[in-house]
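> As given, the protein sequences belong to chains A and B, one line each in that order. Those letters in the first sequence? Residues 101 to 215, per the working numbering, in order. Those letters in the second sequence? Residues 6 to 161, per the working numbering, in order.
Everything labelled a hint here was simulated from the structure, so no lab data went into it. Being a predicted model, the structure only gives us computed values, none of them experimental. The beta carbon of each residue, even a glycine, is placed where N, CA and C say it ideally should be. There's no promise every hint is true.
[Unchecked claim] Each computed BS3-like pair below joins lysine-lysine, with the alpha-carbon atoms no more than 25 Å apart:
(1) B/K88 x A/K208
(2) B/K88 x A/K207
(3) A/K151 x B/K121
(4) B/K121 x A/K207
(5) B/K121 x B/K88
(6) B/K121 x B/K36
(7) B/K88 x B/K36
(8) A/K178 x A/K151
[Unchecked claim] Distance ranges between label pairs, derived from CB positions:
(9) B/R63 x A/R189: 28 to 36 Å
(10) B/V64 x A/S142: 15 to 23 Å
(11) B/G54 x A/K208: 18 to 26 Å
(12) A/R148 x B/R25: 41 to 49 Å
(13) A/Y201 x B/T59: 39 to 47 Å
(14) A/I205 x B/R63: 44 to 52 Å
(15) A/Q111 x B/V45: 47 to 55 Å
(16) A/S211 x B/A32: 44 to 52 Å
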Amino acid sequence: MTTDPLSETFQALADPTRRAILARLASGEASVSELSEPFEMSMPAISRHLKVLERAGLIERGRQAQWRPCRLNGEGLKPVFDWIEEYRRFWEQSFDRLEAYLEEIQKKDASDERH
Amino acid sequence: MDTAAHPELDHPQTTLLLTRTFAAPRALLFKLWTQPEHIVRWWGCAETGEVDFTNDLRVGGEFAAVMQLANGHTHRITGVYCKIEAPERLVFTWAWEGSDGFQGGETLVTVTFEDKDGQTELTLRHESFATEDACTAHGEGWGASLDRLGEFVATL
């Protein structure tokens, strides 16, 4: 299976801890220890989650050796939220076709009853 | 703004909510949504072309829609039925798969059919993410944190 960037993003988001980390980062940058506070999880475990998020382009990390603050990368998230427009187009056009099809079969039923 | 009148505003970016009234009883609409010979007549957008639809209409049963696009590519949509409550409600998971190997994340679709004096008000809710076991854990998980992220993205 080819993993395209959007799939990698979806996979990164498919975990409640990682979503909670992102939600926390939506209100500002934070260190690994700050991020691990709300979770009953070791810092290495949190670091692993951060690596997944970083690889998917959802967060960026500062380059200072000691304190590498994490921050949300909005550009990485945007395609996920844009994806909804694809569904909208699909369903709106399906609804148009469904409307036309309904009219067609109801006309047919009515004329069948007459014969 | 009155958000009660605009329910889509409650979930600004993560949930698609569409409503349309069809001039037909809901039993007929439910049939058109669940029987493949009818589904292939209306399912899809302008680029979709011919649709091949198969389903196993029971809770836990799967469906697959294979669509030949005008550009020669094939698109597959697969999913699992979570709830089948004729003629009121249909809930299923939904995932895209392209012939180029593209895999979309699993999403969740809830369709409700409400009787309005013989007409049917159809509401479709397409959530951009589903949990791995969306069928059992519907509504759990993605909600609040993703809405916050959606709001964050909207500010960019």
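> Which earlier hints can't be squared with this structure?
1, 2, 3, 10, 13, 14, 15, 16
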